[in-house]
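**Student:** Sequences and hints are given; from them, build the entire structure.
Residue numbering for the sequence shown follows our numbering, beginning at 20 and increasing consecutively.
Keep in mind the hints are simulated off the structure, nothing from the lab.
The structure displayed is predicted, hence computed values, not measured ones.
Note that CB positions come from ideal geometry on N, CA and C, so glycine has one too.
Each hint can be trusted.
Below, simulated DSBU-like cross-link-like pairs (lysine-lysine); rule was C-alpha separation at most 35 Å, straight line:
1. 174 / 241
2. 172 / 279
3. 187 / 172
4. 240 / 301
5. 22 / 172
6. 174 / 21
Label-pair distances were calculated between CB atoms; the ranges are:
7. 303 / 37: 26 to 34 Å
8. 39 / 214: 33 to 41 Å
9. 49 / 97: 29 to 37 Å
10. 115 / 237: 35 to 43 Å
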Amino acid sequence: MKKVIIVGSLNTDLVINAPYAPQGGETLMGSGFMINPGGKGANQACATAKLGGMAYMCGCVGNDSFGNELIDNLKNAGVNTDFIRRVENTPTGVAVIVVTQGENRIIIDSGANGFLSEGDIDRVLEIAEAGDIYLTQLENPIDVIGYGLKRAKEKGLFTVLNPAPANKDILKYIEYVDIITPNETESEILGGKEALLNAGIETVITTLGSRGFEIATQGGKKTYPCIKITPVDTTAAGDTACGGLCAKLSMGESLESAMKYGSLAASIACTRQGAQMSIPTKEEVENYK
20 MKKVIIVGSL NTDLVINAPY APQGGETLMG SGFMINPGGK GANQACATAK
70 LGGMAYMCGC VGNDSFGNEL IDNLKNAGVN TDFIRRVENT PTGVAVIVVT
120 QGENRIIIDS GANGFLSEGD IDRVLEIAEA GDIYLTQLEN PIDVIGYGLK
170 RAKEKGLFTV LNPAPANKDI LKYIEYVDII TPNETESEIL GGKEALLNAG
220 IETVITTLGS RGFEIATQGG KKTYPCIKIT PVDTTAAGDT ACGGLCAKLS
270 MGESLESAMK YGSLAASIAC TRQGAQMSIP TKEEVENYK
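**Tutor:** Following this line, the structure appears as structure tokens:
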């Protein structure tokens, strides 16, 4: 099994349910408030580990209770946290999530995530070997994420970019990406799958929400359906899919098989509340009926 190195954000999610999104100046009565470990990087690391992969998390937290809880939660999920750095005098990143009718609206204060450095990436890549998988997102400084993709490719790693939140500035580093996994909106912001393929990416996997996902290469494209579920909370669905994909790729499975597994795990996550707490285990996915 190959290592999966995840470079990205760690946030504490403050979640509340509301009947609808409030208008300016409006106060709503909500329900179901909870504090949940999150952040796209941490979510994907948690998913990779819970779904059977050997996950190593690289990122930054503040020297505060939220940071302690995020690290402990990842350890409990089976993630190696040796490469998470504490930043003094800076809070851990926070995401405020309002869930309305199963869909989420998110506001983020990046906090310590903004201090991810090239040095952090150099340290985690010291343990990497050719063929390992490098998974990253866009909730940290773009130039640092781009540096990581370039360094990972130089070391012979297989790179996977989840371009969320979408930012066109990442396009100057796109030559260092093997697989990109946007949703439909992110794909459009980045110019569309044809432009991404023409830029040199081997594979574009577009997640389509309730319609499944599409795998596109220079040789063609194919759409795959997902299971039908009634969504409770879509937070971390995409992160779960990425984690499942990379976990199975690290075991040598085919791209199609790995993404089908990630898609099933993501669908199960949508039936539960929260981010990391919603991610199913390997056993739950394999025994799902």
